[in-house]
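Just so you know, the protein sequences line up as chains A and B, in that order.
In this text, residue positions in the first sequence follow the working numbering: the first is 1, and each later residue adds one.
In this text, residue positions in the second sequence follow the working numbering: the first is 245, and each later residue adds one.
Hints are computed from structural coordinates only; laboratory data are not their basis.
No false leads were slipped in.
If you want the footprint, here are the derived chain B segments under chain A, 3+ residues with CB under 8 Å: (1) 328-342; (2) 426-438.
With a Cα cut of at most 27 Å, we get these calculated DSS-like pairs of lysine-lysine: (3) K15/A x K259/B; (4) K258/B x K14/A; (5) K415/B x K14/A.
The C-beta atom is built at its ideal place from N, Cα and C for all residues, glycine as well.
There are 2 protein chains.
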Amino acid sequence: MISALLYQAGEILKKDFYESGSSTSKERFDLVTASDINIEEVLIRGLKAQYPDYSIFSEERGEIDNKSEKKWIIDPIDGTADFVFGVPYFSISLSLEINGEITEGHVYNPISNEYYFSSAETGKAFLNGEVIKVSGTCAVEESLIAFGFSANYPYISDYYKRWRHLFDNCKKGMPLISPALTLCNIARGRIDAYLDSRCSMEGQAAGALILQNAGGKLLNYDLGKYDHRAAGIIATNGNLPVLL
Amino acid sequence: MISALLYQAGEILKKDFYESGSSTSKERFDLVTASDINIEEVLIRGLKAQYPDYSIFSEERGEIDNKSEKKWIIDPIDGTADFVFGVPYFSISLSLEINGEITEGHVYNPISNEYYFSSAETGKAFLNGEVIKVSGTCAVEESLIAFGFSANYPYISDYYKRWRHLFDNCKKGMPLISPALTLCNIARGRIDAYLDSRCSMEGQAAGALILQNAGGKLLNYDLGKYDHRAAGIIATNGNLPVLL
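Using the sequences and the hints, build the whole thing.
This is the structure we're talking about:
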């Protein structure tokens, strides 16, 4: 069971989160690297035991190529900076790619205990077993929009140049750095759109499937047809016109 | 017991958080207002029962003046935008002011179950009953710094103009909008500094006492002696030179 594996890894990540702090800077940064690598190891070990013939791609280790058309894609901590800053908005993200298509996506926040799931087979998206769907928001003035930046001024300026009509006119814009959870928050109808120029395959693949099967729409950041292997994403509830 | 009151209010807030989403935009925004007001009512009712002679200041209701030198200051949801966006980085913040001085501070995140507390009497700061202290980070290059902005470009530009040496040189800068929890994250040593030009008395008073009693330092945003009634804050671990 993939969910059992994620709950197991989540227990470890939760413990690391609560124990961080009151340490020297060096210890703190070591802790993060240790958590990233530790969670990754737990997942790789579990996946190898359950799916010995599949390939695996993970953020730190890279590709474990078993010459299979089936590949697990792992992001051990999606939202590492949140984890370090003490913001419980991070997740373990896992997706299955078969012949280049994502067929299964799992996103789990162990602190809030929110487990999102979707599969091509069900064609639906779920939060802790309940079906979820996107919001009906179709006016920019009423919309909640997430932008994928931290306090890096050159990136922020680039976002503003391109998305000024959204920055200036949406109901509220927020900088959020965890693509997996943010895509899921559109999928469940909490927010309406998300723009990220740099998020990676590991960070976005699972959340993208979950959003699509909840009624959302996706594009690559260059406006091309959505491909989870391309860096960056434009994601909406399918109702909001983000492109002018 | 103040803590029992906060745990009670926290259960309500937690329920509201998990139930949000998959609703229309209108319902969603109503929910937030309802949560803010509902939590405030629970706290005011509880405080009036336990401290009938004290004054109360709260974000939505304003001042309930009992001509007392003792006043409870309430922020029912510190980090409302996080709450709405589905980011479990928000708290209930409560502080006691006696003759203009903060003598007690409580900050509680009901999702992560992190309860921060300090009092003038103990002279210490606590997380879930354990003493906490600030980090030893003293080099900007090693520091984790939070800035109090959302995706509002004019504010971001103002921050960048003033704090460019931090934006460009710190180890990682993050935009975080919940002053109470962010001050507590400095207090426990997870992060090293926080700069916010606009945070209010309700948002900062409890966290500021907690940080001071964990070894941190505070200034008003205009560089004056720290006063919790002035909007804005400059907060550090006491070791990091944020001012050039």
